[in-house]
Amino acid sequence: MSKPNEGVEKVPLHLADPHHHKDAIGAKMGMWLFLFTELLLFGGLFLLYMAYRLQYTQDFVIAAKELNLMMGTINTIVLLTSSLTMALSIAAIQRNKKTLAIWMLVVTVAFALAFMVIKYFEWTAKIHHGIYPGSPDLLNMPNGEIIFYGMYYSMTGLHALHVIIGVVIILFMLVFLIRDKITQHDYIKLENAGLYWHLVDLIWIFLYPLFYLIH
Amino acid sequence: MANPTIAEKFESYLDYPGMKKGLFGWIFSIDHKRIGLLYLVSMVLFFAVGVTLAFIMKLEMLSPGKDVVDPQTYNTLFTLHGVIMIFLFIIPGIPAVFGNFFLPIQLGAKDVAFPRLNLLSWWLYMIGGIFAIVSLFLQGGPIDTGWTFYVPYSIRTTTNVILPLLGAFILGFSSILTGLNFITTVHRLRAPGMTFFKMPLFVWALYSTAWIQVVSTPVVGITIVLVIIERIFQIGIFDPALGGDPILFQHLFWIYSHPAVYIMILPAMGVVSEILPTFAKRTIFGYKAIAYSSLAIAFIGYFVWAHHMFTSGMSDTSRMIFSLLTFVVAIPSGVKVFNWIATLYKGSIDLRPPLVYVMLFIFLFSIGGLTGLILGSLATDVHIHDTYFVVAHFHYVMFGGTIIILFGALHYWLPKMFGRMYNEKVANIAAGIIFVGFNILYFTMFILGYQGMPRRYWSYLPEYQTLHIISTVGSWILILGMIVMFWNLIYGVLKGKSAGDNPWGGTTLEWQIQSPPIMENFHEIPTITHEPYYHAAAINTEDNKHKKIDEGENE
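Respectively, the protein sequence lines represent chains A and B. Each residue of the first sequence is one higher than the one before, counting from 38 in my numbering. Each residue of the second sequence is one higher than the one before, counting from 103 in my numbering.
What the hints contain is simulated information worked out from the structure, not anything from laboratory work. Virtual Cβ for every residue (Gly too), placed ideally from N, Cα, C. Warning: the hint list may mix true and false statements.
[Said to hold, decoys possible] FRET-style restraints, in silico, Cβ to Cβ: (1) Trp225/B <-> Gln221/A: 26 to 36 Å; (2) Leu91/A <-> Phe588/B: 45 to 55 Å; (3) Thr419/B <-> Gln92/A: 17 to 27 Å.
With the hints as constraints, model all of the structure from the sequences given.
What follows is the structure, given as structure tokens:
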């Protein structure tokens, strides 16, 4: 912000392509703005969670005890570690260690997939017990528990969708790394992907206590 | 660096040889000027659909009972009229067309910060629009919930709700991408010397708008997604039968949709601040006050949403607080109007078509704004809530404000965008017809609403008929005026005489370059040394404007 126009070189403009310029600070600024909108997207859900928790405190406590604390905790550890490997990948490319950066991304993807697998078992276990939106068993429960599971499925579901999108993005970054589109001097793409991945992680850090820990 | 003389013409963005030929050269172009025109064409088409729907509705209102459509069709008509006009026309509106085209030029940049993202925004916009249109023809029939999609009706009705909702979500995404693109552009791509307080006020308005787009759109995004999930999976979050709370939906909906009102009006106010100094031939009065008031409107606009819900069921305390805050937001709007009037004072006023539209705007928007205060005060709102008074109010603000200025912006900037001039006399006549038709159409609605005519009703009591007939006749006059205006503009763009580079004597950067602009906008990035509306420089160097760019305007 303090250095306006850094991206525009002072060259004869006929020769320069008007639509392509490199501006790492600008790219990162755009990414932060996008992350801001993601926070607000989940913010709406957190607001609803708060309102319904106040309205149906007792039902929320009962329903939360049904969730599998062990699986939630393992997933938290998995996701936090994947954030670490993501950061290590960026640190590696900054030091021009391409192979290490690639391996760190592979590990990140592996952790992300592990998260999804655990999530899958957690959800299917619930569904086997007849607890899913619109199920006869759930509709017989008190309203507060219906809402709790409604919030649970929509919030963790939306988060899982973000994990999947994150995996796709990281796979793209892998290709870019292998093809040297991301280098020691131009790694803003990887850095932005990292920012996105940390946001996915951060949102889970809030979901975990809200659903699994507070009783 | 070649020094272009006035006679020498460079290849403009309209026929740039480096682009793909034909349609693909447009729909896959990442040039901000071409994308601006893409938006313009697609938006005018959607606007025509919206006007047609409104025209049929007004016909239906000619007498009580059935005239042309049955009640269910009427429900879908007002829903689609709202959805198309709001999500597809006014919200993208001025930023998408004129923002895309002129923001980089006014900043002295070659393009926006993320050109490819910009193209993606347009594509998302089209996909969202197509979703809304396709839903009309699918089984179940067109959506009939009203543009607000209020639950629980929107989760119970059997009409096609999911597709238009998905369309609205995608349009929101498009809007967010445009917003973050503009914010980054303003921060990163200002020409050397272009400090924040040397930016044209249109840029300030776009900047404030972009922040609203980024901050409030995600909230309605998640709300819409939840309604879709609710319809498919019965999660119960908004369904009162399962313990959900419909009022929460209204809160989340208006947390976006009230600031969205400022997404619509702020850019229009920015255009007014551009046109006035050009035709008053003097600098704007109170530059900083206008710039800051844009930010103030954007900020306060967040804290007034619940004034849409005074009759929905809220505590008295919160209703009073929201009523008070609603009055507060009128202050920055007032600051702007007073500064505009002061700009005209002792200016050498040149009453050309763009200024005529600004005059209409100040008049109509003032009526819209002042009736807004009547609605904002709690006691009167309870009386006239959900009546034609509200309909008249927001049409005075949205149509009389934003769309009139969109027309004004077309008259102001089309000569720059295409290099050709329309017939000014016809333009003034069209503005006159529009003004007359507009007031006949909507002012009668104030009276109808005050007498108790509820909005969205298909039929009415016989005593309202006279006013309804007057109003319908007004709609015909208004449409006639718009046809004349568009015909004149289109004819001017295709066949008009050459406009020259600076037909109005404007001082901002877009008037210092060739019309229509070259692909790179500038031969050399200008250096900015004085405030945007500095007329003395323009008058002194009337005949070497081109030279000024190269010398960085620092004579």
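Here's how the hints hold up against the structure:
Checked against the hint of 26 to 36 Å, the C-beta distance between Trp225/B and Gln221/A comes to roughly 34 Å, which is consistent with it. Taking 45 to 55 Å as the suggested C-beta distance range, the pair Leu91/A and Phe588/B conforms, at roughly 53 Å. One distance hint, 17 to 27 Å for the beta-carbon pair Thr419/B and Gln92/A, holds here, with the actual separation near 19 Å.
Hint compliance for this structure: every hint is met.
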